[in-house]
Every structure is written in C-alpha cells, then in structure tokens.
Amino acid sequence: MVKESTTLRRGAGEALALEARGLWAGYDGQPALEDVTFSIETGCLAGLVGPNGSGKSTLLRVILGLHRPWRGDTRVFGSSGRPDRRRLGYTPQSEQVDWSFPVTVLDVVLMGRYSRLGPLRRPTKVDREIARHALESVRLADLADRRIGELSGGQQRRALVARALAQEADLLLLDEPLSGLDATAQHDLIALFEGLRQEGKTLLVATHDLSCVAADFDHAILLNRNVVAFGRPSDVFTEELLNATFQRHLLLVRLQDRTYVGHG
Amino acid sequence: MAEFIDFLGDPWTLEFMRRGLIAAVAVSAIAAVIGSFVILKGMAFIGDALPHASFGGIAVAFVLGGNLYLGGAIAAVLTAILIGFISRRASIKYDTAIGILFVGAFAAGILIISRQTNYTPDLFSFVFGNVLGISWTDVWTTTIAAAVILLLVVLFYKEILFVAYDPSMAAASGLPVAAAQYGLLALIGVTTVIGLQTVGIVLVVALLITPAATAQLLTRRLPPMMAVGAVVGALSSFVGLYIAYYANVSPSAAIVLTATGFFFLAFLFAPRRGLLWQRRFVPAKPA
Ligand SMILES: Nc1ncnc2c1ncn2[C@@H]1O[C@H](COP(=O)(O)OP(=O)(O)OP(=O)(O)O)[C@@H](O)[C@H]1O
Ligand SMILES: [Mg+2]
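Residue numbers (the numbering used here), protein chains in the order written: chain A, 1 to 264; chain B, 1001 to 1287.
No lab work stands behind these hints, which were simulated from the structure alone.
Treat the hints with care, since some could be wrong.
Only some residues are given here: those of chain A computed to face chain B with a beta carbon under 8 Å [stated by the list, open to error]:
1. Glu-34
2. Arg-87
3. Tyr-90
4. Pro-102
5. Met-111
6. Val-126
7. Leu-151
Just a sample of chain A residues kept apart from chain B, beta carbon distances all over 10 Å, derived [stated by the list, open to error]:
8. Leu-64
9. Gly-65
10. Gly-78
11. Arg-85
12. Thr-104
13. Gly-112
14. Ser-179
15. Ile-190
16. Leu-192
17. His-208
18. Asp-209
19. Ala-215
20. Gly-231
Here a beta-carbon is modelled for each residue, glycine too, at the ideal position from N, C-alpha and C.
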C-alpha cells in the first residue's frame, strides 16, 4: 500500500522511468537498433539481453545521450531531450576504460560525484564518504587506495559499479556489470540491485546471464536490433522468443519456480 | 669548502645565467605537469609535432615583423585544434592527423623563410634553443605563461582528469568533453612554444615527456606524478646549466641529457618499479 501511494505522488510522468519510442540508431549507415520501443516502470529491475552485437551497449549509449539516434526518442522520467545527468548513472562495458592510468580506486569512484559538482568545485568530505560507502557496497572498501590497474578484472568491474552508485542516480544503466564476476560477487551484486530497487531506484542491466534475469529481475527486454519482446521474465522467456532473439536453440529448464537457460 | 661554494655560486654571478635559469626552471616544471597528461594519453608524438608546427607561425610573424612567439603560439594552438577536429570528425587516426598537419605547417615555415634574404640567426635560436640569450621580457613572459597554465590545470583538474581517464563516462556525466580535449591540446601547444626559447623545436618534446616519465616510475597517483615531474624538470634545468657552464657545451642539450640521465636512474633504481628492484625479488630457481 505504502509503495503504491509513493508511486502516485510521483505523478504520471514519473511512473515510467524510461521510455523509448521508435528508436533507430547505428554506425556509418549500418543500423544497430531498428524501431526500438519499450518502457520501464520506476522502481523496476530490468534486464537487457541479446546476443553479441545486438545493440545493447548502443541502446544504453543512446539513452545517455552519448550516441545520437537517427530517429525516435527516449524519455527519462518523462522528459525528452537531454537527460538530467544527476538522475542517470552509468557503468560502461569496461573495455573502454584506460586501466593503466595512475588513479586509485577511490579516485575513480569519486568521478561518479563530478556530475553533481559544478565547474571549479572539488569533491568535499561528503563526496568522499559517499564514494567510500559505494565501495563498501561492492565490497572493495579495503582496496580503496590501490591503483585501479592493480585490481583483477572482476574487481575493476565492481569498482565501475561503485562509481555508478556514487552518482546517487535514480536510473542506473549498467552495461554488463555481472560478467567476469565470481559466483559470490555476482550474488552480492544481485542482492545490491535488489536493495537499490527497494529504495525506489530503477535499474536497466545489460547482461548475458539469462538464468539470473529469469530468477531475480522484474522485467526483461529481449533485443536483437529490434525488441523481440519485453515484459516479465516469466512471460518472455519462452523457447520461441529466446530462440528468435539468439537465433540458435536454447534450452529452458524450469525447476520448481526457477528457470534455467542452457545451450540446446 | 670555499672553492666548492665558489664552484656552485660562480655561474649565477652572471646575469644571463640567472635569466636562463629562471626561464628554464619555469618552462621545464610546467612542461612536466602538462607532459604527465601527454604521456598518459600516449600523445608523445603531438609533443614533437606542435613545436614543429609552430615554426610556420614563427615564419609568418618574422615576415610580418610581429612577435615571433605569439606567431608560434597561434600556429601551435591552431594546429592542435585542427588535429583534434580532424581526428574527431573523419575516421582518421590521431597520429595520422598529427603527421599530416605538423609537417604541413613546418613546410609552410620553410617555404616562407626560403623567400627571405635577410636570413637572421634569430630563427636558428628557435630551432636549437637559446636559453642564455633570453631577455628579461622573455623571462617574465615565459614565467607568467607557465603560471597561467598551472592555474588552469589546478582549476580544471577535475575535468581534465575525468576526460583524460574515461571520455565516454565524462560525457555521460555531462562534462564538456570536447572543450576539455581541445583545451588540453591548446595548453600543450602553448607549453611547447614557451619551451622553444629554452631548448628549441627539436628538443622541446623531451621537456614534456622525459621528466613526466621519470615521475611516473616514482609515483602512484597523478597529482604526485605532476609534482615530482616538475621537480625533476626543474632540477634537470639547474644541473644542465651547470654542465653547460663548466663544460662549455650547448645548454639545451645539457638540460635534455640531464633529464634523460634522471630517467635512467629512475628506470634502474625506482622503488618497486625499477629494473634492479624487480630483479631482487625474482625468487631464485630451485636447484
Ligand atoms: N563504434 C562503433 N563503430 C561502428 N560500429 C559499431 C560500433 N560500436 C558498435 N558497433 C556495431 O553496432 C552493433 C551493435 O553493437 P553493440 O556494442 O551495441 O552490441 P552489444 O549488444 O552491446 O554487444 P556485446 O554483447 O558484445 O556487448 C554491432 O553490430 C557492432 O558491430
Ligand atoms: Mg555491449
């Protein structure tokens, strides 16, 4: 009941965290997204799944305003045009980051605060505390003063998630935060996502871990240049739709109330 | 003891040595600060290209009778911005754009100069540096320019760092990425031009990268890297001028070679990252 009333108070525009309508985008005349349309409600944990090259990263970059779409538009919390940076958090797919840079893990996480600081302003004590807290959430607090390049691949991925958390955004766009993590770290991260959702945050997570989406996410978007399906994982994770998305045979195993996806 | 103090003090009784020292220290310190970004972004080539490109502007200013350094600075900044523009717009690699533009601007300089009959040695001081022939006006211009560049780096440190480290994330955070990238290129351009007086077109790249690379071996974070680089740069100028004075050799070459020497010292002996240090911790092969 309480949850519903807060949804009402947010107003009609706020009920939807994210909307994409008729989105076309690509590179050098080659389309990567074709007529992508979907919406995500506020307070939802949504999975973005599709094979390599299906346009997941492109879609996230279009939402962020980093890549200009050919046609169509996106609305973040009801407003189109340039999104409000303070409400959007982002974790890039980590290959784009320069790991040899002489910055510490804490320095990197602090960068998440920069969108809230104006020009000429330096991070304050409060910003540092928020950054440290974000590091604690991904269990990297004791590595805060390490150089970012000295972390393992999975630790680096978690540091990027911590930076997105430090942004204290309402909508988090995370590009494959789960890949390369060990089972414990993955489990911890999913628990963290659930915690954020309880706080009313919205998450859109690109991932290749279908079983995890099936088990823990509210919402799934099946993408292969266009949206093959979107809705509750239990509704869209059918063999027909998954095979249409991945264009190969996948095996769905339902054990009690959990769904596992494997290769056929 | 008194002899040693004389040995240390002697060079600085001469006014041109004092002038040269102030200019060289200011330039090499600021070059290391800017150079830290240059080497971290793998832009050493641009540090070589911009001073060459500035020669085009120097030649134009020479013909028109204007301020040579202003001409050089304008040419370097324009080239830097054009390099950024071309590599952002066309799918041409950064270093290709650099190669095309700097040789073009340098050739334009040669072309213009080759038409001049009163070929003065003035222009040679740009090619090889003339730190001991520098005027007080130039000393103050250099020092003030270095101070302004330092101030800009301090003020916009957060933006420059974020954009250099992760441009796409910086853009996602709403930072003016293009402005920061062009701004950094312009700062590199101005830094190389004020370095021309000290070491000349050919050697100025060494001031940008050698002290900063030395500092990279000795530090773990960017602010200390810039600070240590500045100290190494200043020290190289100081020691280099002593060598030039007592060995009667070219001061620009002496400054650059001193910096090179410091780099190899760090390369061998740097704690944890030096060559010898790493050797010590290689476990002995089991028999
Ligand atoms: N910078 C780029 N220039 C040109 N084409 C690109 C670029 N980035 C992506 N593409 C193309 O766009 C399509 C979608 O790429 P995108 O990175 O969005 O896929 P993805 O779903 O994130 O894949 P992955 O699972 O491998 O991360 C691909 O066909 C890819 O080749
Ligand atoms: Mg991707």
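Evaluation of the provided hints:
1. For A:Glu-34, the suggested interface contact is broken, since its CB lies about 23 Å from the closest CB of chain B, more than 8 Å.
2. Given the 8 Å rule on beta carbons, the hint for A:Arg-87 is violated: about 11 Å separates it from the nearest Cβ of chain B.
3. Interface hint status for A:Tyr-90: upheld, as the beta-carbon distance to the closest one in chain B is roughly 5 Å, under 8 Å.
4. Hint status for A:Pro-102: holds, given a least beta-carbon distance of 5 Å to chain B, under 8 Å.
5. A cut of 8 Å between beta carbons decides the hint on A:Met-111: the least distance to chain B is about 5 Å, and the hint holds.
6. This hint is violated: A:Val-126 has a C-beta 16 Å from the nearest C-beta of chain B, more than the 8 Å allowed.
7. The interface hint given for A:Leu-151 is violated, since its Cβ lies 14 Å from the closest Cβ of chain B, which is over the 8 Å cut-off.
8. Against the 10 Å criterion, A:Leu-64 falls within the reach of chain B, whose nearest CB is about 5 Å from its own CB.
9. With 10 Å as the threshold on Cβ separation, the claim that A:Gly-65 sits away from chain B is violated: the shortest Cβ distance comes to roughly 8 Å.
10. Interface exclusion of A:Gly-78 from chain B stands, the closest Cβ pair being 19 Å apart, more than 10 Å.
11. Not every CB of chain B lies more than 10 Å from the CB of A:Arg-85, the least distance being 4 Å, so the non-interface label is violated.
12. The Cβ of A:Thr-104 does not lie farther than 10 Å from every Cβ of chain B; its closest approach is about 6 Å, which violates its non-interface assignment.
13. Non-interface call for A:Gly-112 relative to chain B: violated, since the shortest CB-CB distance, roughly 8 Å, does not exceed 10 Å.
14. The beta carbon of A:Ser-179 sits about 18 Å from the closest Cβ of chain B, which is more than 10 Å, so the claim that it is off the interface holds.
15. Chain B leaves A:Ile-190 outside its interface by the beta-carbon criterion, the shortest separation being 23 Å against a cut-off of 10 Å.
16. Listed as outside the interface, A:Leu-192 is consistent with that label: its C-beta sits roughly 20 Å from the nearest C-beta of chain B, beyond the 10 Å cut-off.
17. Its beta-carbon lying about 21 Å from the closest one in chain B, A:His-208 satisfies the requirement of being farther than 10 Å from that chain.
18. The Cβ of A:Asp-209 lies farther than 10 Å from every Cβ of chain B, with a closest approach of about 23 Å, so its non-interface assignment holds.
19. With a least beta-carbon separation of about 29 Å from chain B, A:Ala-215 lies farther than 10 Å from that chain, consistent with its non-interface assignment.
20. Here A:Gly-231 stays apart from chain B, with its beta-carbon at least about 28 Å from theirs, past the 10 Å limit.
In the structure shown, a violation is registered for the earlier hints numbered 1, 2, 6, 7, 8, 9, 11, 12 and 13, in ascending order.
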